[in-house]
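One-letter residues, chain by chain:
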Amino acid sequence: MSEAANFMIWTAIVFALPVISGIIYLHCCKTGYFDDEE
Amino acid sequence: MIVLSFAVFIVVGYFVSRKVKNSEDYYVMGHQAGTLLTTGTIIASYCSSAFFTGIFAMSYNNGLGSGILNYGCLVTWIILMFVLGPRVSRMKVWTIPEILGKRYGTDRIRTLASVLLIFACATYLVSIFVACGIALGPPLGISTKAAIIISGIVVLIFSVSGGMWGVVVTDTMMMFLFLAAAFIGFPVALTHGGINNPMELVAVINEKLPGTFTASGYLPMFGNPIWSGGGFVGFITMMIITSGGVGLTSSLTLSRVMICKNDKTVARSFMLAQILLIVLAFLIHTTAPFIKIVAPADVRGPSGYIWMLTQWVPPVITGVILAGIAAAGLSTASTLLQQTGSSVGNDIIAKFFMKNIPADQKDKKILNVSRLVMGIVGVVMVLVCMIDVAGDFFVLYSWAFASGIFMCWLPAIVVGAVSKKVTEPAAFWSTLISLIVYLINWVLTLVNPQVPHQIFITAPLCFIILFVVMRQRKPTEREVDGFWKMQSKQYKKTHGYTNVEG
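Going line by line, the protein sequences match chains A and B.
Just so we're aligned, residue 1 is where the first sequence starts under the working numbering, counting upward by one.
Just so we're aligned, residue 1001 is where the second sequence starts under the working numbering, counting upward by one.
Take these hints with a grain of salt, some might be off.
To be verified - With a straight-line Cα cutoff of 27 Å, these simulated DSS-like cross-link-like pairs (lysine-lysine) come out: (1) K1485/B <-> K30/A; (2) K1019/B <-> K1364/B; (3) K1351/B <-> K1362/B; (4) K1421/B <-> K1364/B; (5) K1092/B <-> K1102/B; (6) K30/A <-> K1365/B; (7) K1019/B <-> K30/A; (8) K1420/B <-> K1102/B; (9) K1420/B <-> K1092/B; (10) K1362/B <-> K30/A; (11) K1474/B <-> K30/A; (12) K1019/B <-> K1489/B; (13) K1092/B <-> K1355/B.
FYI, nobody ran anything at the bench for these hints, they're computed from the structure.
Let the hints inform the model, and build the full structure from the sequences given.
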């Protein structure tokens, strides 16, 4: 694999992190994980 | 424009200070911050001027890989959002040393944490003030040192008067300002350099600066020992560990968790901040090679972005962008000052010297002491910056040094939040020994550059000490109670725990 492709893959992983957070957040809301006092 | 923005921050700091009714308002906004304010303050305080100077220099000097891929905080923020953040938020504490004090139930760990916090914040402040000086000196036509003094005065005025309210409200304004900076700077950098077509420009960059658009940039990918920091793998590992530690247990992030309304706000705010940080990192770091191929050889990394602004952007817009960059530094500096002041006031003075003072008078006295400490620390650190501001990597270096200190209490806070088996001696000795080793190791690296960077020793060491010492005895009832104070209602219900409320 070329270094440029390697760089693109790592950059894609970095950009995917908020998506992972979003999925976990929705899961936590669904399961009542948060002590929601709003 | 810069002067105008400074004036606005001072005025806002003054008006916001009217909201401060008691110590709780001053330290943690009465735990009332919503998602927008929290996101604004996370981004503004986390990014700082070093983002546009010292950290930008990584992309400028080493290629895009080391700039864009080093944000370990993006990973550790996930742990913060769903594991540590909600637990800290439930404790309703004012300062980080108080988290440890409540979790483990002793004064000595709280005092040790206060000392660590003051030390880390003070050294971090040096990095921020110098970055402000680099960013503001040339465009204002004044010396770097004069710019540092002006920045110091502005920060002191709005953070001493407004407390956390002042810091957070001005932070949110600053976030919008330097988001604007990044969005304006990006197209400007990509459409200059004598070539109007960005794709043609990329081809020229590839020819002139081979390795720019690769993971390792201009650094060798391997071929150096991982601990040396000389090659890409060592350097990026050091940055990821440091940034990860800062993202999880630094005063910059945990203080933002404490102001949140509830644990859901913590998760939402950091998630939004994660998206914004990626956008900012991408927009700012990507400009580096486009500037480098055109800039004269004497333009050094930390000044690259500022050089681009002064050369290619109309003066009015440059003013807006520079105000944004200065704002980034000011907001981080105000956070650090605020944390130092509150730690000395709340965790040391109030704890040890105000035991016999009635509660109604105590609150006012703690506030006054905190404000005084902030003033003294701010002035001392500005004076320290007068000694040496010359080094090319000074900003980044002092940032990495100060950030690494936050690693020392990481296991005590994080492991202690998820395991009731962690004992007070384990947390105390893990923090103390790793802090001492960190400092000794740092001195050794100054004497011999071949010695591994202190973060490679401290990061595993603090965990090893914690796990070894916690096996020596079972946790006491007090320590276990501290653990339950951090857990959710659902967790307590599932595990049948009913003794501790809140």
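Exercise. Is K1421/B within 27 Å of K1364/B, Cα to Cα?
Worked result: 38 Å, violated
Exercise. Given the hinted pair K1019/B and K1364/B, is their alpha-carbon gap at most 27 Å?
Worked result: Given that 27 Å is the threshold and the Cα spacing comes to 15 Å, the pair holds.
Exercise. Quick one, are K1019/B and K1489/B close enough, alpha carbons at most 27 Å?
Worked result: At roughly 31 Å apart (the allowed maximum being 27 Å), K1489/B and K1019/B break the hint.
Problem set entry | Distance restraint between K30/A and K1365/B, which requires alpha-carbon spacing of 27 Å or less | 45 Å, violated
For this session: Compare the distance between the alpha carbons of K1485/B and K30/A with 27 Å, and conclude whether the hinted pair is satisfied.
Result: 23 Å, holds
Exercise. If you draw a straight line from the CA of K1092/B to the CA of K1102/B, is it 27 Å or shorter?
Worked result: Within the cut-off at roughly 10 Å; holds.
Problem set entry | Satisfaction of hint between K30/A and K1019/B, Cα-Cα up to 27 Å | Roughly 36 Å separates the two Cα atoms, so the pair is violated.
Exercise. CA of K1420/B to CA of K1102/B, is that 27 Å or under?
Worked result: Satisfied, since the Cα-Cα distance of roughly 13 Å is no more than 27 Å.
Exercise. Is K1351/B close enough to K1362/B, meaning Cα to Cα at most 27 Å?
Worked result: 11 Å, holds
Exercise. Is the hinted pair K1420/B and K1092/B satisfied, with a Cα-Cα distance of at most 27 Å?
Worked result: 19 Å, holds
Exercise. Does K1474/B pair with K30/A here, judged by a C-alpha cut-off of 27 Å?
Worked result: Between K1474/B and K30/A the Cα gap is close to 36 Å, so the pair fails against 27 Å, i.e. violated.
For this session: For the pair supplied as a hint, K1362/B and K30/A, confirm whether the alpha-carbon distance does not exceed 27 Å.
Result: At roughly 44 Å apart (the allowed maximum being 27 Å), K30/A and K1362/B break the hint.
Hints 4, 6, 7, 10, 11, 12, counting from the list given before, are not met by this structure.
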